[in-house]
Amino acid sequence: MSVSKFLRQASGAALALAASASALANPVPWQMNLTPGVTSESREIYALHMAALWVCVGIGIVVFGAMIIAMFRFRKSRGAVAATWSHNGKLEFVWTLVPVLILIGLATPATRILMNEYDTSGSSMTIKVTGFQWKWRYDYVSYEGRQIDKVGFMSKLADASNRIRQLDSGLNPDSVSDHGFKDYLLNVDKPLVIPAGVRVRFVITAGDVIHGFWVPQFGIKKDAIPGIVNEVWVRVDQPGIYRGQCYVLCGQDHGFMPIVVNVLPKAQFESWLAARQAGTGKSARTAQAGTQATALAQH
Amino acid sequence: MQTLAAHVCRLTSASMDDRKNKSMRFEMAHDAVLQHDDHAHAAPEGFIHRWVMSTNHKDIGTLYLVFSLTMFFIGGAFAMGIRAELFKPGMQLMQPYFFNELTTMHALVMIFGAIMPGFVGLANWMIPMQIGAPDMALPRMNNLSFWILPFAFILLLSTFFMPGGAPAAGWTMYPPLVLQGGDAIAFMVFSIHLMGISSIMGAINIIATILNLRAPGMDLLKMPLFCWAWLITAFLLLAVMPVLAGAVTMLLTDKFFGTSFFNAGGGGDPVLYQHVFWFFGHPEVYIMILPAFGLISEIIPTFSRKPIFGYKAMVYAIASIAFLSFIVWSHHMFTVGLPLGSELFFMYSTMLIAVPTGVKVFNWVTTMWRGSLTFETPMLWAIAFVILFTIGGFSGVMMALVPADFQYNQTYFIVAHFHYVLVTGAAFAIIAAVYYWLPKWSGHMYSEFWAKMHFWNSAIWVNVLFFPQHFLGLAGMPRRIPDYNVAFADFNMISSIGGFLFGASQLIFLGVVIHCVWFSKVRAPARPWEGARGLEWTLSSPPPHHSFTTPPVIDDRELAHGDVMH
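Heads up: the sequence lines are chains A and B, in that order. Read in order, the letters of the first sequence are residues 1 to 299 in the working numbering. Read in order, the letters of the second sequence are residues 1 to 566 in the working numbering.
It should be emphasised that the hints constitute simulated quantities derived from the structure, not laboratory data. All clues given are correct.
Here are the simulated PhoX-like cross-link-like pairs (lysine-lysine), alpha carbons at most 25 Å apart as the crow flies:
| no. | chain 1 | residue 1 | chain 2 | residue 2 |
| --- | --- | --- | --- | --- |
| 1 | A | Lys90 | B | Lys312 |
| 2 | A | Lys128 | A | Lys150 |
| 3 | A | Lys90 | B | Lys222 |
Calculated from the model, a selection of chain A residues having no Cβ within reach of chain B, i.e. all distances over 10 Å:
| no. | residue |
| --- | --- |
| 4 | Gly122 |
| 5 | Thr126 |
| 6 | Gly180 |
Partner residues aside, some chain A positions facing chain B, computed with beta carbon under 10 Å:
| no. | residue |
| --- | --- |
| 7 | Val63 |
| 8 | Ala80 |
| 9 | Asn88 |
| 10 | Gly170 |
| 11 | Ile228 |
Here a beta-carbon is modelled for each residue, glycine too, at the ideal position from N, C-alpha and C.
Excised from the complex, chain B in its bound form (with noise of 0.2 Å):
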């Protein structure tokens, strides 16, 4: 391998800038493809050029992920609201209606625009990097995959302005009652749209990118697990966003144009629009978690200065993982009157997806013992998640059982289910990963006390705000009310009290962020966290703005975490 490299080109080591690399046989071949100026190598100069231009995989990772940081804050202020109305029983704040908007546009905002931005940003940033590529594959479609994102919001948003006000079905969507909406059915289908579009070119970029720009020595089997869940992450993309965007088609003829798809009157059904939508929606919420498993798995082995356990079966249980999420749709409406074979069977396949994800936690514990642990902020993200993810995992397998579900079928039990995997989950793994890549990012340390203070507060609120929901859940309380009986009431104040309280600990994150790119003194080393392995760590922090225009010699240490003859 590193004879291969030699052959192909002479050159400096990556980690030094682009600019002092000395190979003739590079200048000469780089020049004639190319006309560049002096400085051809640094970031572009000016805002439009570098932001709204920008082809660069760096930039446009930050620019993701400074938009997704800004949506998990709109969406969270619509949970605020949530919280606030359903402190006290009785009606105190808003009407039914605007609460059904509100629930609606925090799934739609936290789904589309904060989640599935950040696992873009994140792969975007370090997918080209770990795998020694110079960019993504298709930079100039990289841009466009970006900007449409800020216009879809804008137009989702601005239904809140309209008269009818914003979507107020649910994020489901669900006909016949989301066709009782107004004009904000349609921005809202066109928003879905665009979004989709985004996703989909970002997943063929990103596959490119991981099958053909691996740098020589790059083995699929050897590089990191998180680019073997981004990889397998955008075929689920590529396979079920087409899916919604012909669900939310089917709602725009049926709502403006007359078709009678959803409409049993019309000879529709309203059962199909949910048997659409969840083969979408299931892959979905898998979209939403492989990318997070991919960065637990980055993190577990670097503080536990181990290679993870059981590589080969880690990037199995992800494919495994994939595939059964394809065949587990109607788990979500088993109360629509499915015939009973179909019940069966769902609840068997939605079992059977239990399985590869307990080897994944399984793992990751098995990475930490007889580990040589040290517990920086990424490190108690990373462990948090693997706890809080797996009780969300308890829940999800006791939904499974059919009958069992009858009783916690959208109730609170659910609402806690997904909030323990999508928020202790997905949203713990970005924090983590972004705690971890932002010494590489900015080239400076953060503060590691009030980065501990954010991760503390944190991880209490959010169980004060989820846990008590399991009760609720079990006690009787269904989802998407704004009022419920007092029954109910204590469990309630607890969690709207740990709702405003994890909230505000969002803003120590945003504080401690800024502070580190632009105010901390203290400057990162190329790699400073000393069990931390892989090819991003090869290169300087803050990295050049080009990257691995020539691809690096690969040493196998760097590989798996040291562990590349798994």
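So that you can see chain A by itself, here it is in the shape it has in the complex (with noise of 0.2 Å):
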């Protein structure tokens, strides 16, 4: 079967696993695996992932058993022989060649998508994400054509983690949690909103240190660098909450940096941004509350 088909199957199987593994969304107990995420990047790349995890797993079954073997079968203590040829190039050549075919085979579906990946153009929306320490920082720059102002807004780790959090502090990590979700670490105080089904594109900077934005769900990630603009887009077609975290080593709460990532339904998104245009802060943040629950109660 050629790689390409194979790709396509696990694709195809990674998105009926990704249709039930929303609930997973994010990470579970004695997860073992990459997430199929939600995007159609994201569920490439598990499938290449799957792919090269799958050839290695060949070579090694190949290999470690060749050793095996003769660990048993060319014993000394079984009256084993060694046999006196020490080269052989025909052989050599063969196993240089067949390691450059298999590996021409997995280069090719990952340039393919490496290009997509890197082609930004076509997107409804640009949000402008600066990287501080120790927190992100969310600018709503344009959508559908539209230039918004004033809608910006700092992310950071919400308190319940922040306390727990502190040496000594006695409790409990486990005691925090989200709709079912232990979100220990997980949670911030204003969430990224982005509607579902659009193609959004994030600019990334920052302004201190080298921070990183990942949301493994999506399958993106990209350095935020200070004096440097990166981008990123992404289409999430599943409304949800999906979390990521600060990659980049970037200082003693590196790791208490959170991303979290409110995909809501397109009408939804519309009427919360509409809400913050306005500027009107609480009701914003009680549409954005029904909306969140609305949108889980809907896997």
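Assembling the complex is the task here: the two chains are given apart, and the hints tell you how they should meet.
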């Protein structure tokens, strides 16, 4: 079976898994594998990852199998006498060429996926993400061709987690949760809110040192570097809450500046945005909490 | 070849003590050059004279190895602190900033204090004996190369006790973060400069020795693969240590002298540092593994009683890996925002390195195939190396795929990868080599029972420690964090338990070595391993303080494990 056909079948399987996995959206205890995620890119990455993993497992079985067989069959204590041959040019050629072919087989889909990820054109929305020590700032720049003014806010670790994580707090990290998900260190006071089904472009920078913006479910990861603007795009079709973390060491509270993205259905997002633009803080937060509950109840 | 050797000098068997050498021409030539008393060829008397002022490759090798083991325990202690804090979610033992100091210093100590000096110590001990040379080409510079290191590490470790503490920006020292540190930055930079000077001088010494001091008959393509591995590694060191020096000097001037190399506000670029650092950093990791490849290529043939399969291919593979190591550096920077073309180039070049590395693994396995295998301790470590290093290599191939790396990068998947290649790779190879050559160095056999206890405990607990970290990374746990979401708790606890037990197991090693050197009553013959081939095995155990003062007559059966016509 060709690798691309394998990938398509694997993506299909991953999609089915993802539909049921969205309830398992964020890390689960004993999780052993990558999440297929909720974007087409994250699913393609998952398929590529599984293909590479199976290739490695296959090679491992051959190589380690040969070693284990050798360790039994050719023991001196079993009377094995050493052969005298010590080179074989044809064999060397074969086991140089075959790995090259396998690698080309992996590199081809990887190239296609990467070229797709790099193309941020056609985005309907731009959000500026700025990393600070030790919180994120989200500024809404434009939505469907219209510039957005004055919708921006800092997003920092939620107080509940922040109290628990203090040295010798004696408090229990298991005690914080959000709708059944134990979100210790993965909750913030003000999440990033984006619409579902819309191609969103993040422009990413930093205000002090290098940080890193990553949401595993989206399959996007990009450094936030002071003085540089990076960009990634994402289109999330499934409403829900998705959590990530800063991934570049940025000082003492590097482990304590999570990213929480609340993906709302388009209509609800637009009323949230309108409320923010009108500056009605309290009612916006209430609307947000209501839409979050609705979104989660839809799974 | 043998006729040539006979013409050069008449000499006794190289395995006899030099003092018994009766060749007149040798005595006269020797005395004409040097003023000696009767104990000319024994070790110098007096502790300072012998150890502080040593110009002897064996004693300097011992110094490096003792230093390396000491730093391994210090770096290991830092790791125990890290795993202790990560044992459960929540912060129980230390402030987050101190945790960052520990992770930074753990890496610096292990890389520059344990692994690199360990390989240099093995090089010093073995290369002259393996090529039939009396010592390294530049013995006094050799002394300086070693003695710089304790001072460099006193500088570095003293930063723990300064206001502001030790450096805490990771061993990679990225600006702008690293520039937020205090005085420790200056000490760290000076310390790295000193280590670099030590490495550069050591590399010069190794190249000069291998190219100039091989005994007649020891052609390059007949010398042990350990010597080939070190010859190539030495060129890598010469090429990249100055680059590291440049990178950290630019950090120093950015911090203290108002330059803006890495400050965008001043016209510079933080990513420039990453390019310069990793141009050093990638060859650096090959510097830490190529000598290991050479060691495994010595040990497996001995215990398979069969020459290494594909000697020439092994040499070409090491050379290819060394060349390729210069053109892959940005695979450490896939998420930085490089142009698409760069990402693709580095993806392809990184995947390509898997090819010669795979050839080496296949050749080791084929050496074992249809051999006559026994499983003494050095062979156990070498087999563990091949299996576990290959697992580290597999995660490397996965990481080379850029879109997949977007999920793996800066997570515990990376931490698992590099610990597999560095601990079960480089460190296991050094330990294997110590068990392999300890009888030669000390003249005694070590306790095979306790050595095997050390092996089995290490091999099992190291996997309990690092294998779950693959799962943590895939599940989304970033690296360099002191606390984590409760979903990551189970594998973290397992990993920490593995860490504590792996660390404790290394105390067995300390006991085995001490017992072997000072307390073992079992004498080691010149050739304790039946299948061993090479000039070092023609010398007594222990060898004379000065060996091969005249070039040995080389029996071709000692070369390349008997496969000299490959």
